[in-house]
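Since the structure of chain A is provided, determine the placement of chain B on it from the hints.
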Amino acid sequence: MTPLPLRPDLAAVAAAVPDGARVLDIGCGDGQLLAWLRDTKGVEGRGIELDAEDVASAVGRGLAVVQGDADTDLADYPDAAFDVVILSNALQAMQRPAAVLAQLVRIGRHAIVSFPNFGHWRVRLSLTLGGRMPVTRSLPVSWHETPNIHFCTISDFEALAAEMGLTVERRVGLAKGRQVAIWPNLTADTGVFVLRR
Amino acid sequence: MDQRFGLDRSITLPGDFPLAGGGVLPELTIAYETYGRLNANGTNAILICHALTLDQYVASAHPRTGKPGWWTRLVGPGKPVDPADWFVICANVLGGCMGSTGPTSLDPRDGQAFAMRFPVITISDMVAAQARLLDHLGVDTLAAVIGGSMGGMQALTWAVKHPARVKKVVAIATAARHSAQNIAFHEVGRQAIMADPMWLGGQYAPDAPPAAGLAVARMAAHITYLSEEGLTEKFGRRLQNRDSVSFGFDADFQVESYLRHQGLSFVERFDANSYLYITRAMDYFDLAEPHGGNLARAFAGVQSRFCLVSFTSDWLYPTAESRRIVRALNAAGAPVSFVELESPFGHDAFLLDAPEMNRVINGFLTA
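Chains as they are written, first to last, in my numbering: chain A, -10 to 186; chain B, 130 to 496.
Any given hint might turn out to be false.
Below, a list of computed lysine to any residue pairs in the SDA-like style, where the Cα atoms sit at most 20 Å apart [stated by the list, open to error]:
#1 B:Lys296 / A:Gly51
#2 B:Lys296 / B:Glu156
#3 B:Lys290 / B:Ala169
#4 B:Lys196 / B:Thr270
#5 A:Lys30 / B:Ala496
#6 B:Lys208 / B:Thr172
#7 B:Lys208 / A:Arg50
#8 B:Lys296 / B:Thr270
#9 B:Lys208 / B:Pro464
#10 A:Lys30 / B:Asp211
#11 B:Lys290 / B:Pro197
#12 B:Lys208 / A:Lys165
#13 A:Lys30 / A:Ala0
#14 B:Lys296 / A:Lys30
#15 B:Lys208 / B:Arg193
#16 B:Lys290 / B:Arg306
#17 B:Lys296 / A:Arg50
#18 A:Lys30 / A:Thr61
#19 B:Lys296 / B:Ala309
Here are some chain A residues the structure puts well away from chain B; computed CB gaps all over 12 Å [claimed, not checked]:
#20 Leu(-5)
#21 Pro(-3)
#22 Gln56
#23 Asp60
Source of the hints: derived by calculation from the structure; they are not laboratory data.
Using N, Cα and C, we set each Cβ at its ideal position, and we do this for glycine too.
Only chain A is shown next, with the shape it has when bound in the complex:
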């Protein structure tokens, strides 16, 4: 069975995962990324997901996925239990993003974090000219319904990583799934970072 192609932001995350790694995907949804990594890179994957139906789907794909909350449950994992810990498009939904980030680099030797860039020009335009919170392709839900409670820009994230003393091993800005060449904080709709302690 050929694995389905990944969503572009997930593909950027997947590209940073070495073959055969032990991987924890936090907020793994129905396990699309984990299944892809297992089938094409032979990783040993685990997942955490809040939604019961998504967990059922992921387990149905043969993945080891635990229903749980990244804000509270990461403390249960031992240090360096994984080669790579992934938090894709979920940091902004965390109650305590910095605490979660600290857990990521504790549990995993490397952390891959992707998030919608609130510094993207469309977001800026929406706020500056429209005076409204943005509703865009990567941020499709209105402010009062969104689970995203902690938005940041790529520059904000870099500042936090520096403040926490984390090493940024790689950073990629994506616009419509393609890597941007210049000014990622303005031109990228998504930031993908590889970090370590």
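Leaving out everything else, chain B in the frame of chain A:
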């Protein structure tokens, strides 16, 4: 046809069977059923472990009640545990009353029923007996061991006691220990049995059991298998075959009538002394206890993959107990899946129609 396989089997294994509590049984009889065929390399065996009052008739009609197997929603053609694919084994637990060695068995040393001379047993004794059965059946490794409630306790114990013999563990609506509340409810049941004058210190004749005590024990326990929401939905305050309350102590309410029926029908198929011994085994169950209360250390040597399922309205073995197991397995580095499923039916949800549970188990088994 190999006489070891099929419905309504029984095997007596001679020789001492030592128990965790220090006692010894002079021989061990296990009543069991198998479904499907063990494949040539012996890789398709699944052991189903039953709950407190259930038995080996997981997918065939019960010989006393005539009711269909107790887990035909999970085990059977087209179900996640399909005998066309799997070799399925289900055995009556040690201490049970459906043919395996228990308090109703005759002590071969004097030909008298053990009754209360039967040694106190544990969940791990039940598992040890199942391991003897697997040896007899020529099953070296289990593709999976699956159990709900007390069956889940056995499944977890399998992974801890026989790590190399179990590939996958499915533990549903269960816990790694009995809580004070669990023990408390069991004690109510035991006291109801022992307070019945017909109990006679356990020496009652088979045709004159402490039926009233056992029925009350079942009634109290049955409430713990349901939920307030489920009871309200099913019965509310509706009256039983009458338009107004009787100002007496008949079963005015439907819920009373239902519980009385549950109690009476239970007495037809279960032994009071067995109930004492099996509830005691559950009360003694605490996987972490030999490891100073550290459950992760209990799981340190496991080699199985785990799948845990809990139900939102189960207050007997609530989700928090499953999460405790998941945390410990994670800390031990064991691959574990866990999901809490929405259900209004309380602890019994795992025995009812649960398509999401089937989906999870099916995925877990086939992966």
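Is the hinted pair Lys290 of chain B and Pro197 of chain B satisfied, with a Cα-Cα distance of at most 20 Å?
Since the Cα atoms of Lys290 of chain B and Pro197 of chain B sit roughly 32 Å apart, the hinted pair is violated (cutoff 20 Å).
Take a quick look at whether Lys296 of chain B and Glu156 of chain B sit within 20 Å of each other, Cα to Cα.
29 Å, violated
Is the straight-line distance between the alpha-carbon of Lys30 of chain A and that of Asp211 of chain B 20 Å or less?
32 Å, violated
Quick one, are Lys30 of chain A and Thr61 of chain A close enough, alpha carbons at most 20 Å?
29 Å, violated
For the pair we were handed, Lys30 of chain A and Ala496 of chain B, check the Cα-Cα distance against 20 Å.
Distance ~17 Å between Lys30 of chain A and Ala496 of chain B Cα, so the pair holds.
20 Å Cα cutoff - pair Lys296 of chain B, Ala309 of chain B
32 Å, violated
Closest CB of chain B to the CB of Gln56 of chain A still more than 12 Å away:
5 Å, violated
Holds or violated: is the Cβ of Pro(-3) of chain A farther than 12 Å from all Cβ atoms of chain B?
Correct as stated: the minimum Cβ-Cβ distance to chain B is 27 Å, above 12 Å.
Restraint check for Lys196 of chain B with Thr270 of chain B, where alpha carbons must lie at most 20 Å apart
Not OK: Lys196 of chain B and Thr270 of chain B at ~31 Å, beyond 20 Å, violated.
Restraint check for Lys30 of chain A with Ala0 of chain A, where alpha carbons must lie at most 20 Å apart:
12 Å, holds
Just to be careful, I want the Cα atoms of Lys290 of chain B and Ala169 of chain B compared with a cutoff of 20 Å; is the pair within it?
26 Å, violated
Do the alpha carbons of Lys208 of chain B and Pro464 of chain B lie within 20 Å of each other, as the hint requires?
Roughly 24 Å separates the two Cα atoms, so the pair is violated.
Checked against the numbered hints listed earlier, the structure breaks hints 2, 3, 4, 9, 10, 11, 12, 14, 15, 18, 19, 22; every other hint is satisfied.
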